[in-house]
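Colleague: Residue numbers (numbering that gives the first Met the number 0), protein chains in the order written: chain A, 0 to 240; chain B, 0 to 411.
Where hints are given, some of them may not hold.
[Claimed, not checked] In silico lysine-lysine, BS3-like type, Cα no more than 30 Å apart, as pairs:
1. B:404 - A:66
2. A:66 - A:111
3. B:150 - B:56
4. B:404 - A:4
5. A:209 - B:128
6. B:150 - B:128
7. A:179 - A:114
8. B:56 - A:13
For the record, the hints were derived by calculation from the structure and aren't laboratory data.
What follows is each chain in one-letter form.
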Amino acid sequence: MIQVKNLSKRYSPKVIAVDDLSFNAQAGEIYGLLGPNGAGKTTTLRMLATLLEPTGGSATVAGFDTKRQPEDVRRTIGVVNGGMGLYDRLTGQEILEYFAGFYNMGKSDTQKRIKELSDALEMNELLNRRAGEYSTGMKQKIVIARAVIHNPSVLILDEATNGLDVVARRAVLEFARGYKSSSRVVLYSTHIMTEAEELCERAAIIDHGKLIAEDSIENLKSKANATNLEEAFFRLTRSVA
Amino acid sequence: MRLDFIWRVTLKELLSTVRDSKAFRASIILPFVMTPLFIIGFPLLFGNLFGGEVQKKQVVGVENIAQMPPALRTLLESGEGGAGVELKAIEKPLEAVQNGDVEAAIGIPKTGVPNSAGGKPVGIQVYVKFSSQKASVVREKINSAINNYSKSLVVQKLASVGLSPDTLEPVKAEAINAETKEESSGGIFAFLFPMFIFLAILGGASTVAVDSTAGEKERGSLEILLVSPVNRLEVVLGKLLAVTLSALFGVVMQVLAFVISGALSPIVLKQFGPSGGSDITALFGGNLNLGFSGFFSMFLIGITVALMLSGVLVAICIYARSFKEAQTYLVPLQILAQFVSIGMQFGDFITRSTLLYATPIIGSTLGILDLVKGKATPEIVAVIVVANLVFAVVTAYFALRNFSKEQVLFRN
Ligand SMILES: Nc1ncnc2c1ncn2[C@@H]1O[C@H](COP(=O)(O)OP(=O)(O)OP(=O)(O)O)[C@@H](O)[C@H]1O
Ligand SMILES: [Mg+2]
């Protein structure tokens with residue numbers, strides 16, 4: 000569902016954030032995009048989300064080309080980033096309705112979907128309070144609900160558990176796991192290997208913008224002769240550096 | 000371009016702004032405090048101070064007081080209309096005034112002052128600080144007493160040879176004020192009117208501009224908005240519209256404050272005479288006797304300035320990474336607008352031309368000033384409005400261009 004082919008992003012002559020990157024994520028899986036700080040994860044995801052233009056290569060999301068069909072791409076994706084940007088003076092309900100409107104969802108569809116998500120994420124009591132009053136955990140619930148308000152077939156999470164406590168973190172992981180289905184793919188970007196090991200079927204490890212390895216979690220571990228993913232990650236990224 | 004998407008963005012920004020109760024209340028309250036303060040409060044205050052100075056008996060030093068003719072003394076002490084002055088014998092008039100011992104001083108020559116006309120003219124020195132506004136009152140009192148004394152001697156002399164006092168002045172010049180009502184209402188502080196309008200626009204627009212661009216960036220919500228199907232043109236237009244509407248709200252509040260203050264001022268200032276204190280108000284910027292078409296023109300200029308500045312504000316603010324940074328960027332713009340307005344005190348010396356009226360900010364400032372002074376024609380208003388609209392398109396284009404640049408949206 001996500002095909003990345005020789006993708007590159009050069010911010011300036013000196014800064015090459017993504018360098019000839021290729022990987023594929025299939026429907027029905029949670030795919031990990033792993034790498035240390037500054038590896039180029041966010042840059043890659045922003046190109047997939049049509050926020051940034053690649054300086055080389057191409058990518059398709061759910062069959063749509065990010066360069067030629069950016070709006071079709073945006074209609075099929077939902078994005079959660081670590082920023083947790085909400086409008087402080089709007090209520091959860093208003094925020095969700097605001098975004099639903101851009102997907103041309105009708106009034107009753109929107110209300111039905113908000114009810115559904117509010118039950119799933121246990122955020123009923125949040126909907127009528129302003130986001131400025133939320134705790135970080137509460138915010139993240141609305142952020143996730145907003146990302147999937149339109150039932151996207153591609154869900155992209157970038158450091159989605161940033162700054163969350165154990166309970167909130169668990170809720171995010173559970174949601175990602177639950178969101179996966181035969182017609183959907185979840186792209187999960189993180190530098191926390193335990194999360195990736197627990198969640199992902201397959202993963203791409205990148206460093207300095209380059210692909211270092213792409214395989215199932217099991218194969219990555221055995222390839223590096225490691226007992227867990229963190230060790231494998233450490234060995235794989237070190238061997239290149 | 001989907002109008003419903005644009006409107007959706009606009010509504011959300013406006014809702015956010017209205018709920019920012021502090022900023023919102025300030026934009027309503029400020030014009031209704033500042034405007035009456037300048038249009039009514041200052042004239043009231045200075046009118047009272049000035050009137051008080053006239054009623055007060057200032058202490059005036061006199062050198063060689065023994066030589067002062069009693070008739071002149073009476074004229075000085077009784078005054079004309081207002082109160083006279085109190086005379087005090089001194090020796091060094093210049094120092095006495097400089098030290099502040101007395102407010103003014105009179106130097107009577109040692110040889111005395113004549114008590115009849117016909118001899119050699121004698122000068123009486125009047126010591127006073129020229130640049131002091133306050134001293135101008137006592138100076139006027141002394142001058143008029145001396146003039147009246149001199150005149151009385153002439154009248155006596157003429158009578159002694161059987162001539163009437165009118166012999167002196169067979170022809171008189173009569174000055175007639177050719178100012179229109181609006182012109183006379185544009186006093187020395189008339190430049191405050193355009194300044195208030197600009198401040199209202201910037202005040203109303205800045206909060207929304209900063210919040211909806213740099214603010215969204217800082218919170219990280221802009222990125223999320225841009226990954227939804229709404230496109231960047233729609234986002235920019237929606238935000239521009241929101242910024243313009245809140246600027247307009249500021250203009251409406253400001254013009255309303257002008258109208259109300261203008262209507263109230265003759266009532267409050269009635270104590271300064273039957274003209275409703277119009278001399279004093281005129282000095283301070285005056286009543287706004289614009290009438291419907293005047294206010295409508297002012298509003299038209301206001302709308303188009305708001306449109307133009309919204310583009311500038313959005314284009315600048317989107318470049319900033321945070322609220323603070325954006326606010327810093329806006330300071331020079333605010334200073335520029337005020338600088339131009341203050342410079343317009345000398346507006347009468349500026350040669351008007353179509354090009355000048357078409358110049359952003361300067362043209363609109365001049366236009367509002369001309370409106371207040373009753374000098375604006377429909378052609379002038381049209382030039383300003385059209386020029387502002389052209390610039391509005393240009394600035395909107397820059398705002399959009401900045402929104403389409405990765406380096407601007409995702410600055411590191
Ligand atoms: N807008 C930008 N302009 C210039 N350089 C940038 C920009 N954004 C990112 N970079 C650089 O590109 C490289 C990759 O950054 P990126 O944010 O994609 O990494 P990341 O893997 O998401 O890191 P992290 O784990 O810290 O989030 C870094 O060296 C970063 O400094
Ligand atoms: Mg990142």
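Colleague: CA of residue 209 (chain A) to CA of residue 128 (chain B), is that 30 Å or under?
Modeller: 82 Å, violated
Colleague: Keeping to a limit of 30 Å between CA atoms, is the pair of residue 404 (chain B) and residue 66 (chain A) held or broken?
Modeller: Since the Cα atoms of residue 404 (chain B) and residue 66 (chain A) sit roughly 15 Å apart, the hinted pair holds (cutoff 30 Å).
Colleague: Tell me if the straight-line CA distance from residue 150 (chain B) to residue 56 (chain B) falls inside 30 Å.
Modeller: Within the cut-off at roughly 24 Å; holds.
Colleague: For the pair we were handed, residue 66 (chain A) and residue 111 (chain A), check the Cα-Cα distance against 30 Å.
Modeller: With Cα atoms ~33 Å apart, residue 66 (chain A) and residue 111 (chain A) exceed 30 Å; violated.
Colleague: Given the hint that residue 56 (chain B) pairs with residue 13 (chain A), test it: the Cα-Cα distance must not exceed 30 Å.
Modeller: Cα-Cα ~81 Å, so violated.
Colleague: Quickly compare the C-alpha distance for residue 150 (chain B) and residue 128 (chain B) to 30 Å and report which way the hint goes.
Modeller: With a Cα-Cα distance of about 26 Å, the restraint between residue 150 (chain B) and residue 128 (chain B) holds, given a limit of 30 Å.
Colleague: Taking only the CA atoms, is the gap from residue 404 (chain B) to residue 4 (chain A) under or equal to 30 Å?
Modeller: Given that 30 Å is the threshold and the Cα spacing comes to 24 Å, the pair holds.
Colleague: Are residue 179 (chain A) and residue 114 (chain A) close enough, with their CA atoms no more than 30 Å apart?
Modeller: 20 Å, holds
Checked against the numbered hints given earlier, the structure breaks hints 2, 5 and 8 and satisfies all the rest.
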